[in-house]
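Asker: The lines below spell out each chain.
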Amino acid sequence: MTWLKNAMQQGVWPWLCAGSVAISLLMLGALLALLLTRGLGHFWPAGLDEITLNNGEVVAGEAVREMPLPDQTGSERLYFTGNRDLDDARWRWVAIDTIARQTQPADLLRLERRAWGDFIGYLEAVEVNGERFTGDDAWQQVQQALALPTAQRTHYQLTLRTPQGQTLRQSLATVINVEAPNAMHLGQKLRAWGSEVWQFLSQGPRAANTGGGVWPAIFGTMLMVIVMSVIVTPFGVLAAIYLNEIAHQGPLTRLVRIGVRNLAGVPSIVYGVFGLGVFVYGIGGSLDEWFFDDALPSPTFGTGGLLWASLTLALLTLPVVIVATEEGLARIPEAQREGAVALGATRLEMLTRVVLPMAMPAMLTGVILAVARAAGEVAPLMLVGVAKLAPQMPLDGEFPYLHLERKFMHLGYHLFDTAFHGEDVQAAIPLVYATALLLVLIVLVLNLTAILLRHHLRRQRGSEC
Amino acid sequence: MLASRHVDHANQAPVTLFPAEQCCLTIDRFSLAYAGKSALQELTLQVPRHRVTAFIGPSGCGKSTLLRAINRLHDLNESVSHSGDITLEGHNIHAADMKVTELRRRVGMVFQTPNPFPMSIYENVAFGLRLQKRLAKRQRDDVIEWALTSAALWDEVKDRLHRSAWQLSGGQQQRLVIARTLAVQPDVLLLDEPASALDPISTLKIEELIRNLKSQLTLVLVTHNMQQAARVSDYTAFLQQGELVEYGPTDHVFTNPRLQRTENYITGRMA
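So the sequence lines, in the order shown, correspond to chains A and B.
Be aware that the first sequence starts at 1, since it is given in this note's numbering, and climbs by one per residue.
Be aware that the second sequence starts at 1, since it is given in this note's numbering, and climbs by one per residue.
Next comes chain B alone, as it looks inside the complex (with noise of 0.2 Å):
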């Protein structure tokens, strides 16, 4: 089965990581560049439903320009160009019958630095859900306790939820906004390097919330952090200058990678 083999450009032997019904996002040939110049060359991956995937890389290797471009985020860049393909669930997001914005809606995305809007915690949960149909005000509610219920920040904000959410602290805010995308009951869940303006307790609540949300939803994680990716993560690809170097489950790429490059990185012994 292609759809569920990874083609490693290294050995070109195809691997095995999950049967193909698991699928929820197929990469297949994506190339993309800025203003002419190769970002991302022909990265072919597949990421399963309801796991943790963690895009790991040094900066600028094209990991979080992956992740944006699963969101169709480089659409607001008139200078980005791309070819080839991401499905999700069977579904070519750049198709002509598919609308962007109900594409972002299934698709989350959390970001380095939490932003919230300058409105009041209830306003920015409902924020994604006032953009969809019309609730009912109880129905509302009920979501909007579930989201931040969800995010692990109900019981820190019940009693404030009519306060500016640019009051909470870093870690709150991050969870704010996963709230947020989660209210409108996303399928796949985006994050971009999520804890790496927090503090080490703020990191690990992140961290929690990360594996307890995989019931829910697909996460793929961008990180910095190898730890983190090896404790939060079940599937690794390591990105480098554009291209996908190796990827598989992350106890294999951490203790037993097969390329010397992927394990000269996560050791730290790359320039």
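Next comes chain A alone, as it looks inside the complex (with noise of 0.2 Å):
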């Protein structure tokens, strides 16, 4: 040990903790950067080749890779091709070497279609009403088209190419967009790239989780959270007065305190368990069994659902609220409670009109700390009511409005099941970053939010109130 000791005598020391900081911040950089590129990259409009084979065959679509072959003699690439409804794969490895033409055609199209994935192929003509339109008439009339509703596109019939030479007619309801990207100048594709974000953010998921959108596993995430906040936060701010404001001061108060922070350590897959076994099985079993029993057998409040999943994670989080008010309370002098108190205060008078306003930084820090905490847990979700497609919305119009019994989406159950559950794996890696990237994202608001008003409380308190 004696050159470490010397080392640390001839200033290696700064050098080492500095080094660390920096590999800290080198790792999170990369992650925030592969994300970032991979999410934010796959909305790109990106162009389409259409190639020709040494063979004579004809292949078309959107290059994604390359890599070296096996037999390193040269490399490969991997292109999406689309149209599964009439190859059957989407997917397609072309070696380097066995291209004999290589082109960028302006009119080569991408079909955005609800059913079967993409098409990419050309345009022969679109019938409306009767009437045939072909070339730039056709490419025009199916631009104004999309931007009518559904409804209204069903009289649009298109007759499409593959670069194969196989013809396809298809109605354009069933088409959600097209886009001919080689033809787009940068501008245009901004504007596409922009607007596919905007999907994603505001669309349901499609084609089993590997398209579309994840608003409903947004609007999930945002309702279980809220609904978690209000059962968390009374609670835990409750509980933080108790030990620290009114319980004797003595070993059981710090015992509980103790077994308070080692509740936040407990794996949570843990807490889904008791989840399960407590609130779906026992108290949602009950609750079936004494206001329902006219649904039995199939559960209503006795299968996992929004207000199991938020109480669950309420109890994850409760220890997270619980030391951050505490931290708070034990923060606010003394010589103030007892300012308070010898003007006539009662002890509820004093929490209620001093201490708390002043601890209540430390309680919104501790509450976005536990909403961030939860929108980023997966493990006991699903136990507790997660689900891979929800059918219902657990807010809508219908009375009572908010649905406490039904399943919802998350964004990280989400991303766990279009990266490991969908059947085409290829498709769902963009979307997973992308996925990712905005759960990064959400969190990250949420803990800058924290401190922005935990800064803005203390400055108001420092200047006008």
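Mixed in with the good hints, there may be bad ones.
[What the hints assert, rightly or not] Taking beta-carbon pairs under 8 Å as the criterion, some of the chain B residues facing chain A (in silico):
| id | residue |
| --- | --- |
| 1 | Cys23 |
| 2 | Leu73 |
| 3 | Leu76 |
| 4 | Met98 |
| 5 | Glu102 |
| 6 | Pro118 |
| 7 | Phe127 |
| 8 | Lys133 |
[Claimed, not checked] Distance windows between CB atoms, simulated:
| id | chain 1 | residue 1 | chain 2 | residue 2 | range |
| --- | --- | --- | --- | --- | --- |
| 9 | B | Arg130 | A | Arg458 | 22 to 28 Å |
| 10 | A | Leu255 | B | Glu78 | 17 to 23 Å |
| 11 | A | Lys388 | B | Glu78 | 53 to 59 Å |
| 12 | A | Gln10 | B | Met226 | 53 to 59 Å |
| 13 | A | Gly277 | B | Met98 | 51 to 57 Å |
| 14 | B | Asp28 | A | Thr352 | 32 to 38 Å |
Think of the hints as simulated: they come from the structure by calculation, not from any bench.
Glycine included, each C-beta is placed from N, C-alpha and C at the ideal position.
Put the two chains together into one complex; each comes in its own frame, and the hints tell you how they fit.
Answerer: Okay, here's the thing in structure tokens:
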């Protein structure tokens, strides 16, 4: 150990410390950069290649990535070719050496469809109420028709041709979007990218979660987190007040405090098991027997749902709120409490008028940290109410509007499901990155809100009231 | 008259300080212990109405403890036990029919470090009022102006009543705390080293304020500063190790102390 001692004395340790900070920052930066490029790059309207192979075969699609061949004689490229309804495979590896000719035809289109995934090929003609358009007229008709609502698009019949020469008839009603990425200039591409991102954020998933957007998952995550906060805030704050202000500060209180702090370290799946056993089967099962026996044997509350998931996560995040609030309460000078009491305030008046307003920043921080934790939690949710695809939103126009018994979608679980349970993993990878990016952003925004809010409240105390 | 006499522990000779009808606070054989450890032993003294009475003594002699006992602030601490009586205008402050919140309204307290609440200046002064009966805003505004004027702070803050109290200087904060206490119109004001955290000019302002407030209420001052006690108080009690050593008119105690212990302390000849 003498070399270490010498190194310490020679001033190496600042470099060691700085080095660990730099490595941590680099890893964080790399993580964010990966998510950003892969997640946001997915929505960019990439150019479409049409290639003719040496054997005369034609392949058209989006070049996804290149890899060296196993025998090191060159590399091969992966193309997304779409058209799953016509030729079964959507993906095609092509060795670079076998390409005879490669072009980017301006009229090569990509259709986003409700069924069978994307179509890549050419537009032959459009029939509108018996009238037939071809060439540029057809393209114009399609562009105009895309602005119409789906119901009115049923009159439009597209005749499409694959690069291999097959023809296909498709109603425009089943098409979500048509674009010719090779003919687009930068501004159009940017606009298309923006609208793709917006659709990802605002629409529901399609094709077994391998396409479409994540709006129900965002909504489910937010609603679950709100219900959780409504439950956890009063409990956590009251518990912290009891522990810090009311309870006799003896060994028992210290023991309880240590226990609460250690609860924060219990693996989250354990909370999931508890939630399943106590909330879902125990309380939910009893509720079903007492109030919903006409619906049995199909469970109402006796299965996972929004309420049980929120309760489980409230339990999970309770220590965070208690610890943060307690720290806030402990920071308040005794002089403030005595000042209030000396003016004739009862203990309750002292708490509500002086102590709690002063502890507000700490409480808010605790709640938002709890929210950030809950938003990213997946394991316990899988046991107590998250769904791969929820048929109905947990909040809608139907009485009683908030349906606490319904299953819901969650970003974290959606991520897991898209990555491992999709039928087309290649197509899911960019969506996984995009969803992960969204999840990181949501948690980041929540944490930032906590910091800014606390900062704001602290400054407010010093200046304006 | 027993009520107007003080029994000196050293020579056991009763000394008449003031007529019984002028007595505001009576402390009668009052003892107090923290977790069994004695802090005050059988203290007996009377505090005259509309006068400034100073408690002096070395650190840990129990003068702050006694002051806090008058406000029953020790109620917050479970490990404190006491015996003997403290009576305010003839009412035992520990009696069952004495509400502690009412006692604390009648006996205000100002602490060593200024402790304004994290609210506006206006809300700080209104704090005690809002705990009492509901007042119309006009009336409340009047009381607040009166309290701030009494605390010699009105002219300095009248244009920024709704700014944070934490922006005020230390001396202003301490006068704000005094105003906050005055607003509920107490009979007694307890001051626990009110100027020890302040600069000399702020200290002078506080001392002047203490002298002026005499006409309105009874003041009890705890201080480490001999000159301050000599400057502002009418009566001085010297405490040592939880016992009352000497009590009398300030002039007497400072110029002609009866006991050697008192003289040693006042002249600074004490370790």
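Asker: Indicate, hint by hint, whether the structure satisfies it.
Answerer: Hints and how they fare:
For the restraint placing Cys23/B at the interface with chain A, the shortest Cβ-Cβ distance is roughly 23 Å, beyond the 8 Å limit, so the hint is violated. At a threshold of 8 Å, the smallest CB-CB gap from Leu73/B to chain A is about 6 Å, leaving the interface hint in force. Below 8 Å, beta-carbon pairs count as interface contacts, and Leu76/B has one with chain A at about 7 Å; its hint therefore holds. At a threshold of 8 Å, the smallest CB-CB gap from Met98/B to chain A is about 13 Å, leaving the interface hint violated.
Interface restraint check: Glu102/B against chain A, minimum CB-CB distance 7 Å, threshold 8 Å, status holds. With 8 Å as the threshold, the beta carbon of Pro118/B comes within range of chain A, its nearest partner Cβ sitting at about 4 Å, so the hint holds. Interface restraint check: Phe127/B against chain A, minimum CB-CB distance 6 Å, threshold 8 Å, status holds. Proximity of Lys133/B to chain A is violated relative to the hint, the smallest CB-CB distance being about 12 Å (cut-off 8 Å).
The given range of 22 to 28 Å is respected by Arg130/B and Arg458/A, whose C-beta atoms sit roughly 25 Å from each other. Between Leu255/A and Glu78/B the beta carbons are some 19 Å apart, a value that agrees with the proposed interval 17 to 23 Å. For Lys388/A and Glu78/B, the Cβ-Cβ distance of about 56 Å falls inside the hinted range of 53 to 59 Å, so the restraint holds. Look at Gln10/A against Met226/B: about 57 Å separates their beta carbons, and that is inside 53 to 59 Å.
The hinted window of 51 to 57 Å between Gly277/A and Met98/B holds, with their beta carbons roughly 54 Å apart. Between Asp28/B and Thr352/A, the C-beta spacing of about 37 Å keeps the proposed range 32 to 38 Å intact.
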